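Going by my numbering, the first residue of the sequence shown is number 91, and it counts up by one from there.
No false leads were slipped in.
Restricting the straight-line Cα-Cα distance to at most 30 Å, the calculated cross-link-like pairs of lysine-lysine (DSS-like) are:
| # | residue 1 | residue 2 |
| --- | --- | --- |
| 1 | 337 | 153 |
| 2 | 153 | 352 |
| 3 | 145 | 159 |
| 4 | 145 | 355 |
| 5 | 145 | 352 |
| 6 | 337 | 113 |
| 7 | 336 | 355 |
| 8 | 352 | 336 |
| 9 | 159 | 348 |
| 10 | 355 | 243 |
| 11 | 243 | 113 |
| 12 | 348 | 336 |
| 13 | 352 | 337 |
| 14 | 204 | 352 |
| 15 | 204 | 243 |
| 16 | 113 | 355 |
| 17 | 352 | 159 |
| 18 | 254 | 243 |
| 19 | 355 | 337 |
| 20 | 153 | 348 |
| 21 | 204 | 355 |
| 22 | 204 | 145 |
| 23 | 348 | 337 |
| 24 | 159 | 355 |
| 25 | 204 | 348 |
| 26 | 254 | 145 |
| 27 | 352 | 243 |
| 28 | 355 | 153 |
| 29 | 254 | 355 |
| 30 | 336 | 159 |
| 31 | 336 | 113 |
| 32 | 336 | 153 |
No wet-lab data here; the hints were simulated from the structure.
All values derive from a computational prediction rather than experimental measurement.
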Amino acid sequence: MLGAIAGDIIGSVHEFSNNEDDKFELFVAGSSPTDDSILTTAIAQACLDGSSDYKSYILEAYKLSESPKVEPPIGPTWGSEFNHWVMGGANGLRDSYGNGAAMRVSPVAWAFAKESDVIRHAEITAYNSHAHEEGIRGAQATAHCIWVARMTKDPEAVRRVAQKYYRQLPELEVIRREHVYNETCQGCVPECIAIATHTPSYEQAVRFACSIRGDADTLAAIAGSISQALWGIPSTIRTPALTLAKKYYPWIATTTRKFENKFGK
Numbered sequence: 091m092l093g094a095i096a097g098d099i100i101g102s103v104h105e106f107s108n109n110e111d112d113k114f115e116l117f118v119a120g121s122s123p124t125d126d127s128i129l130t131t132a133i134a135q136a137c138l139d140g141s142s143d144y145k146s147y148i149l150e151a152y153k154l155s156e157s158p159k160v161e162p163p164i165g166p167t168w169g170s171e172f173n174h175w176v177m178g179g180a181n182g183l184r185d186s187y188g189n190g191a192a193m194r195v196s197p198v199a200w201a202f203a204k205e206s207d208v209i210r211h212a213e214i215t216a217y218n219s220h221a222h223e224e225g226i227r228g229a230q231a232t233a234h235c236i237w238v239a240r241m242t243k244d245p246e247a248v249r250r251v252a253q254k255y256y257r258q259l260p261e262l263e264v265i266r267r268e269h270v271y272n273e274t275c276q277g278c279v280p281e282c283i284a285i286a287t288h289t290p291s292y293e294q295a296v297r298f299a300c301s302i303r304g305d306a307d308t309l310a311a312i313a314g315s316i317s318q319a320l321w322g323i324p325s326t327i328r329t330p331a332l333t334l335a336k337k338y339y340p341w342i343a344t345t346t347r348k349f350e351n352k353f354g355k
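Given only the sequences and the hints, what does the whole structure look like? Please build it.
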């Protein structure tokens with residue numbers, strides 16, 4: 091799960107920057123966890139507690155985010171419709187295909203040993219707030235790819251499973267040339283899988299995701315969650331990411347450590 095959180099923190103300052111330079115400093119004064127980290131932690135805490143009531147954990151994390159230890163430079167950038175849904179009592183299903191379904195799902199790929207359980211729980215994590223078939227697909231594809239990456243450490247195996255959800259993954263040069271800012275699962279998840287499986291390290295995956303003029307924090311969270319399972323996260327990224335999480339939202343760092351102690355990293 092730290093793959094998503096670190097990617098989010100690194101990408102936080104690039105989200106609306108239209109950045110094309112991949113030679114940026116990874117952690118700067120404004121780097122901080124956003125809603126991607128907050129909701130990833132919510133899913134992780136549910137897994138730690140053995141609960142599949144992911145909705146209640148999402149709502150609780152939303153409340154917790156309103157009282158940070160230190161006010162973050164950026165903080166949560168909740169989607170307007172998601173925010174309206176929560177503030178309205180989170181009643182009913184949101185027929186959303188936003189990329190939020192994919193950016194928060196990574197913990198289930200570590201918490202469950204069986205492939206079928208990973209796929210089923212990925213759907214449950216998305217269902218209430220991202221009930222559109224593309225929202226479900228985005229969550230399941232991301233979690234399934236992470237699980238395969240964990241089990242095989244083989245980028246080609248990850249690409250093969252991705253093609254069960256998306257017919258074709260784009261090439262990196264096409265992504266760099268043609269990507270336009272969007273916040274949809276169908277517009278982001280195939281590209282993030284391609285980025286994670288065509289770059290040889292976690293750092294390079296995150297740098298690429300943050301330099302294509304897009305929704306940088308979420309792209310880096312999704313690509314980073316898959317890349318972590320393939321290559322691991324170097325201490326030069328792990329340590330500052332956890333330090334920043336602890337600075338602003340101590341419960342993110344605490345849950346991450348508990349999760350990794352129980353399910354691995």
